[in-house]
Every structure is written in C-alpha cells, then in structure tokens.
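Heads up: the sequence lines are chains A and B, in that order. All you need for the numbering used here is the position in the first sequence, starting with 1, plus 22. All you need for the numbering used here is the position in the second sequence, starting with 1, plus 22.
Honestly, the hints are just simulated from the structure, not real lab data. Just so you know, these numbers come straight off a predicted model, no measurement behind them. Be aware that one or more of the hints could be misleading.
[What the hints assert, rightly or not] DEER-style ranges, computed between Cβ atoms:
1) T210/A x L338/B: 43 to 49 Å
2) T196/B x D399/A: 37 to 43 Å
3) V402/A x D118/B: 55 to 61 Å
4) V420/A x G357/B: 35 to 41 Å
5) G84/B x V420/A: 55 to 61 Å
6) N300/A x D398/B: 16 to 22 Å
7) D398/B x M95/A: 53 to 59 Å
8) Q378/A x D49/B: 33 to 39 Å
9) Q378/A x R289/B: 33 to 39 Å
10) R375/B x E184/A: 51 to 57 Å
By construction, the Cβ of each residue, glycine as well, lies at the ideal position given by its N, Cα and C atoms.
2 protein chains.
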Amino acid sequence: MKVAKFGGSSVASAGQFRKVAHIVLSDEQRRIIVVSAPGKRFKEDIKMTDLLIQLANKVTNGDSCDDVFTAVMERYEEIAEGLELSSEIIEKIKADLKKIIDNYKNEPERLMDALKASGEDNNAKLMAFYFNHLGHEAHYVNPKEAGIFVTDEPGNAQILPESYEKLKDLKKRTGILVIPGFFGYSKTGHIVTFPRGGSDITGSIVAAGVGAEVYENFTDVDSIYCVNPSIVDNPRKLKELTYREMRELSYSGFSVFHDEALEPVYRAGIPVCVKNTNNPEAPGTWIVAERDHKEQPIAGIASDTGFCSINISKYLMNREIGFGRKVLQILEDEGISYEHTPSGIDNMSIILRAAQLEGEKEQRIIDRIQTELNVDDIHVERNLALIMVVGEGMEQTVGVAAKATMAFAKANVNIEMINQGSSEVSMMFGVKEEAVNRAVKALYEVYF
Amino acid sequence: MKVAKFGGSSVASAGQFRKVAHIVLSDEQRRIIVVSAPGKRFKEDIKMTDLLIQLANKVTNGDSCDDVFTAVMERYEEIAEGLELSSEIIEKIKADLKKIIDNYKNEPERLMDALKASGEDNNAKLMAFYFNHLGHEAHYVNPKEAGIFVTDEPGNAQILPESYEKLKDLKKRTGILVIPGFFGYSKTGHIVTFPRGGSDITGSIVAAGVGAEVYENFTDVDSIYCVNPSIVDNPRKLKELTYREMRELSYSGFSVFHDEALEPVYRAGIPVCVKNTNNPEAPGTWIVAERDHKEQPIAGIASDTGFCSINISKYLMNREIGFGRKVLQILEDEGISYEHTPSGIDNMSIILRAAQLEGEKEQRIIDRIQTELNVDDIHVERNLALIMVVGEGMEQTVGVAAKATMAFAKANVNIEMINQGSSEVSMMFGVKEEAVNRAVKALYEVYF
Chain A
23 MKVAKFGGSS VASAGQFRKV AHIVLSDEQR RIIVVSAPGK RFKEDIKMTD LLIQLANKVT
83 NGDSCDDVFT AVMERYEEIA EGLELSSEII EKIKADLKKI IDNYKNEPER LMDALKASGE
143 DNNAKLMAFY FNHLGHEAHY VNPKEAGIFV TDEPGNAQIL PESYEKLKDL KKRTGILVIP
203 GFFGYSKTGH IVTFPRGGSD ITGSIVAAGV GAEVYENFTD VDSIYCVNPS IVDNPRKLKE
263 LTYREMRELS YSGFSVFHDE ALEPVYRAGI PVCVKNTNNP EAPGTWIVAE RDHKEQPIAG
323 IASDTGFCSI NISKYLMNRE IGFGRKVLQI LEDEGISYEH TPSGIDNMSI ILRAAQLEGE
383 KEQRIIDRIQ TELNVDDIHV ERNLALIMVV GEGMEQTVGV AAKATMAFAK ANVNIEMINQ
443 GSSEVSMMFG VKEEAVNRAV KALYEVYF
Chain B
23 MKVAKFGGSS VASAGQFRKV AHIVLSDEQR RIIVVSAPGK RFKEDIKMTD LLIQLANKVT
83 NGDSCDDVFT AVMERYEEIA EGLELSSEII EKIKADLKKI IDNYKNEPER LMDALKASGE
143 DNNAKLMAFY FNHLGHEAHY VNPKEAGIFV TDEPGNAQIL PESYEKLKDL KKRTGILVIP
203 GFFGYSKTGH IVTFPRGGSD ITGSIVAAGV GAEVYENFTD VDSIYCVNPS IVDNPRKLKE
263 LTYREMRELS YSGFSVFHDE ALEPVYRAGI PVCVKNTNNP EAPGTWIVAE RDHKEQPIAG
323 IASDTGFCSI NISKYLMNRE IGFGRKVLQI LEDEGISYEH TPSGIDNMSI ILRAAQLEGE
383 KEQRIIDRIQ TELNVDDIHV ERNLALIMVV GEGMEQTVGV AAKATMAFAK ANVNIEMINQ
443 GSSEVSMMFG VKEEAVNRAV KALYEVYF
C-alpha cells in the first residue's frame, strides 16, 4: 500500500485534478491519498488558504465578506465545472462553509482554524466525488473518522500517539480513500491545524499509521535539488538522500519538504519519494534511512538569512562554572530559542533568528546578561546568514572542510563562524548576509 | 620601575643566583624582584617544591622526615656555600622550617600550604641576604608586609582587590626589594598559596600594584615559540604577542606563562617581557595590548590532549526550548566545567577534560541526561586533542581557515570538530590524540 500526498499546486485546477486521478489510477497500490487546499495556478494567483485566512479575518472584524466568500467558491466551482461534476458537490461545500462561519463567528481562533482546514477538507470531498464520477470506488475520509487526534493548540497541533493505533483500521477499508491534509481533531472534538505546510505532516502520519510501503509526496518539481535553484542555475538533482540529510536541509532553507513532517515516517522507517505531478515518469528523489555515500559524500547545501549573534566576552569566563548555563537560562526566561553557541576561552556567542530579538526584549536580555553575569562586553551582530553543508559522508572524509574553506577564500567570503562536530551530517558556516549567495555558489562549484 | 620575576631554574643554584644578581644590578630600574623556589638544576633533579610536598605528607602521616628535611636544607646550603654567605642565613631558614612544622603539624592543609610557600619564602630571604653580602641595599619583603592579601582557599588563593592599594607603598621604599612568589596571606593571617606556577601571579600582582613600567618574567628560554618545540624543531621565536593571544596559547598547552597570571598586568595595561636568565642579551618576547598583525596574522599554535566529548542526539532537539540549559545544569550539578558545546539541529556535544569524568560520575551524568532529557542517543568519545590556532589577525583574514583545513587534509588528519566564531583571536580544531602532532606540524608548515 502506498500513501500519496498531493501538494497545493497539484490540486489547483481541474487540469491538475485529472493528472492526480491518472497518477492514482495507474498504480493500484496508491490506495490512500492526502490532498492540500488548491494552490496557485499561476505566479500571481492567491492560494485558497490565503483566501480563507482573509475570510476568517473579515468575519471576526465584522466586515462584509461576500466578495471573499465568492472568490473561495469560484475556485471550487471552476474545478467542478472543469471536471463536469454535478452541482450537488458545490452546494455541499457552500453549505459547509456557511455552517463553519455560523458556528464559530464568536470564537476567532476556532473560526480561523476551521476555515483554514476547510480548504483541504472541501478539496478532499471534491477529489473523492471526482473519482466516483469517473466510476471508481472512492471515499472521503474525515480526519476524525480516520483517527487523527491532536493536541488542542490552534495552528500548532501535535499528533497524539494513540492516533497511530486507530489509523491502522484504514487498511481494512476498500476503494480509494481521500483524506484532507493539514488538520486533526482535539479530544474535545475541535478542528485544530498543524503548523503551515502541514499537509506533509498528515501524509506522513497516515503513511506511518498504515505502515505504507512508501510515502509518495507529489509536488511540482522533478526532484529535490542539491542547492536552491534560485541561487545556482540548473543545480544537480538528488536521486537519494537520508532522513537526517533531508531534515538538516529542510530546516535550514529547503522549502520542498516540511521540516517536522519527516518524523512519523522516519520513526516508522518508511521511505519517502518526492515526485512531480506534472511529470510523474521522472524518478523523483528518495528519502531513505541509509544511502551509499562514497561517491557523493555531500548531499546538499542549504542557506538561510535573518540571523544575529549575541557576542559576550569576560576575562577568565572559562573558569566560571555555570556561566554558559546562566546565559541560556536568561534566554529561556525570555522564550528565546537559539541555533548555536560557539565559544572561546573568554568568549561565547549565541546565534539566533533575529526576529526573536525585538526592541525591549533585546535591551532586557543585554541588560540582564550585563548585570547578572558581570561581563566585560556584550554586543549584538546582525545580518548574518547560516550556510549548512549536509552529507552523510561528511565525517569520514578528510578534506570536506578543506574544500569548503578554500571555496570561501577563493570567493573572498569571510567566515564569521564555523560549527562542526556534533552532527555527523552537517557543517555550518556563518557569513554576512550580503555574501551568502556568493558563498553558496562557491560551495556548489567545489562539491558538485 | 621594573618588576622582575625569576622562575625556578633561574634561582636553582649559586651560579644562577649570580646571574640574577648581575641582571638586577645591571639596570637600576629593576627595583622589585620576585623569586620562585629553587627549581631543577639538571633534568632528573627534584624541585624544591616537590621536596617540600613530600615533607608535608610525611609529617602529616607521622612518618620519619629527617631525610627529606635534610635534602631540603642541603639545597639552601649548597646555594649559600656557593655564594660564600655566612651560615647565619642557613640557621635562620632551618629554624623557620622547624617552626612551620611545629605550628601546623595537626593541620594538614595549612601545613602543606605553609611548607610549599617556604620554598619561595626562604629563597627570597637568601636572595636578599646575597645582595647585602655583595654590598647593596636590599630587603626581603614578606607578602603580608607587602600587602598581598588573598582568599582563604589553600592551594587556590585569589587576590583580594584591596591589596593593590597597599602594594603602592612599595614604591616609597629604598633599595632592592625581594618578594617571595606563590603565596599571600588570608585576612585571618594564614599563608595561602596560589595555584601551582603561581610565582608568575605574584609578579604580575606586584607589577600591577606599583604600576611598573614593565613586568619582566625571567625563565630559561630566549623567547616564547610559536609552537611547542617538542613537536616542531626550532620553531619561530615570537617577538611580540598580545595579552589575548598569550592567554589563549597558555590556556591550551603553552606552559611558559601561567594562565591566570596575566590578568593583573592585562587590567593595568603593563607590558610583559619574557626573557632568559641564561642569555639576558636576547630581546625576549613582549606581551602587549596591541600588535601590528598584518605581516603575521597568526601568533601561535597550541595543542593539548586528554579531552573527551559527550555526544547527545535527540530528534527535534532544536524545537525544545531549554534543552541546552538543562544539559549544562546537570554538568554544573556535578561540578564539571566544559570547553565547548558544538551543536547541530538534533545534536549537541560537550567537550571537556576527560579527567573530570571518572567511573561513577560518568555513569551518573549519562543516566541523568538519558532519563531527564529523554534523549535518543548519548555516548562518550575519548582520546580527543584540541588544537588552537591563535592570532589577532584571524578575523579579518579570509583564508586563515582555508589554510588550516587544507593542511589537515594534506596530512590526512580528520577533523572531528571545528569551533570558530566567538573568539576573534582563535580557531579551535578537535582531532584524535594519535593525530595531534602530525596536525600541529602540518599547521606550522602552512602558517610559518
């Protein structure tokens, strides 16, 4: 049994629905499919989810929402008409949306979650209806019925472990099962959404729950590239990478795969195949537990901007047991999460996402560290970018670091920071934001 | 005014005493001298301090100590006789030693500290007596009289800030002042020693207290080398290095200068000159606040063995605010100090001196991290060496890291760990102990 998840652009129009149906029907192992809300049909298009967020905000603010409501319905209507479906399904969707607005109009957070979730939910109903229209047995399966139970944190749901037991029952059902992505139900029966991009999470949970042979993740690219194609032209396509490599890459800038989505399949040992709905013949990229990395020790290069570092120095810092712990305690008190903490004998830096340090909070943290730890100097350095070189073959290969640093030197990029050691699959470099693309290009040149 | 400190080998014999006198008398600015206990005269010789430790242990254990007592006295007698001094001073030393043993025989810690300190103390008396014998005005100055007041931690004294005020009075005194190194007095009047090698600390404190023009540190080498001469033959001599460079180098394996000793002169901005008692014409090495580092960005390479790393991994570790803080809290509870904490997305390592992890403690720490933080994997990697490349020119120079990593690759040394970023003057590499000398040689080749 295969679980196939189709992303927003794969289910954005009637034409895309036809491609999905063709893909699903061409392999009888594709028994469970998870769908996103309709995505963009062209570059300037608005995603369904964004329309629904607008709708929720208008309802909450008491503004007139007829135009947005109509825009939402038009997307479904266009798909239904393009597929020559009867209007019955459209009426159903319309009634469903009105019911949500009516039920939750005085609960802004619940309304937001329920409307956001409706994008996936109604698209799943539409997809199941389409399969039936084509003459195939297919069932829309609501996440509650499937057994996807989550914590009650609107917009940040976490799966509850008992869900996996319940999901097993899906195997007993017949026909094609169409499950909406992106949300589950709390124990009290409320719709709660996963973090954004969370249809990948639903697919991964379902694949783990039914013990799928493979979790297919259909997108709009032939494969995962070893580096961001907006930085390097026509970069190398990856045939295979490991869960660890994918996680490091997706965390630090690779948007192909949602960062948290890998956990369920990783724990269950289910391989993932990232494929293109628009070119299903392409082999795609496999994400697996192990790969032979002799020929290609490096899997990819990721980069992300928007970091800063808090640099602290204090003479004889290293003699002070508890110094580092106290600094981290102050950050924890302020709810700050950090990326790395490179340290020297008398120095310590904390690298974090700059968006977390705002106005008052920044000053309060600096003051606390200054006063409570009596440091000699503290200052914040902004506009940092982190570059992650990721690969299973990193640890054993003398010279991986040499290649990287030579590349930086040739490209005249100063390295603000290097962190290598704990993770066996990645090496991190900190550079100024202005140099990041130059640095990534230089790294691509030496590794690929 | 210059403060000159003479290390153990510089005051190990009558011949060395003559050299010291010659050096001091050749420059009338050399008004305050600080002396160590007699050091080794030849490779297999026993240092006075070690004899005195033996003596203290024997007294404490109730063993006969006549032989050690005699060996101690013979060292002083040999010096006194060689310098043709009257026996009066030897009788004084003998009486002093007996008094210490008698006073503290039931207080092992105090006895140890007082006997250890007597090595410097009696040598200072002997030195002052010798200057008088040569017809010069010279005074032995006891640390209590000088104003060196310290915390009451036997073997680990810390200077009390009020000492600096009192030390100023030394400037008013006439003649050559001879102060024993290595110890001060607690507020309750007890002798308390600095950490071992602490005569450097006394010299530095006195130089800062009197606002010396220079703190001269006389040893038995012409200069500080850029790398350990037992690893690289005839390494380059350093003319000048900064306080920060010296501190980083001395911390990580350079034994020339005691690591904590720099602080007082660093804070007071007093330059240090490391010189050779056996070749005082050599220019020595200057330790200063700033140096022109354009020509030589790297000052030196230090290395030290005996480290280990605790490697922790946990899926989605980076999402857990407080994870790093909790790990460091456990180490703090166990009194463990660490060097560095390189981290990946799902990994964290703690690099520390392996001697701190012994039997039960190691297991307890592993168990606590495992249980309290629910990690996926934790293991300890031993036999690590750290190599520190130190230089003020490091930050601005693209290519410093490239040279290092290329050198490692050529020498076929795998880099277990790189830590660069916080300190602007050093870059740290972790390698297997077996590869450390090969690595240091390779680095020397590329930088010097």
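Review point. Would you say the C-beta atoms of G84/B and V420/A sit inside 55 to 61 Å of each other?
Key: holds (58 Å)
Exercise for review: Could you check the hint for me, namely that T210/A and L338/B are 43 to 49 Å apart, CB to CB?
Suggested key: violated (26 Å)
Exercise for review: Could you say whether the range 55 to 61 Å given as a hint is met by the Cβ separation of V402/A and D118/B?
Suggested key: Because 57 Å falls inside the window, the suggested range holds.
Check your understanding: Given a hinted range of 51 to 57 Å, is it respected by the beta-carbon distance of R375/B and E184/A?
Key -> violated (46 Å)
Check your understanding: Honestly, do V420/A and G357/B meet the 35 to 41 Å range at C-beta?
Key -> Cβ of V420/A to Cβ of G357/B: about 37 Å, so the range 35 to 41 Å holds.
Check your understanding: Lying within 16 to 22 Å: is that true of the beta-carbon distance N300/A to D398/B?
Key -> Check failed, 38 Å falls outside 16 to 22 Å.
Review point. Could one say that the CB atoms of Q378/A and R289/B fall in the range 33 to 39 Å?
Key: holds (35 Å)
Practice item. Hint says 53 to 59 Å; check whether the CB-CB distance for D398/B and M95/A agrees. Key: violated (47 Å)
Practice item. Given the range 37 to 43 Å, decide if the beta-carbon distance of T196/B to D399/A lies inside it. Key: The hint (37 to 43 Å, Cβ to Cβ) holds, given that T196/B and D399/A are roughly 42 Å apart.
Point to revise | Pairwise beta carbon distance, Q378/A to D49/B, judged against the given window 33 to 39 Å | key: violated (58 Å)
This entry does not satisfy hints 1, 6, 7, 8, 10, going by the numbered hints stated previously.
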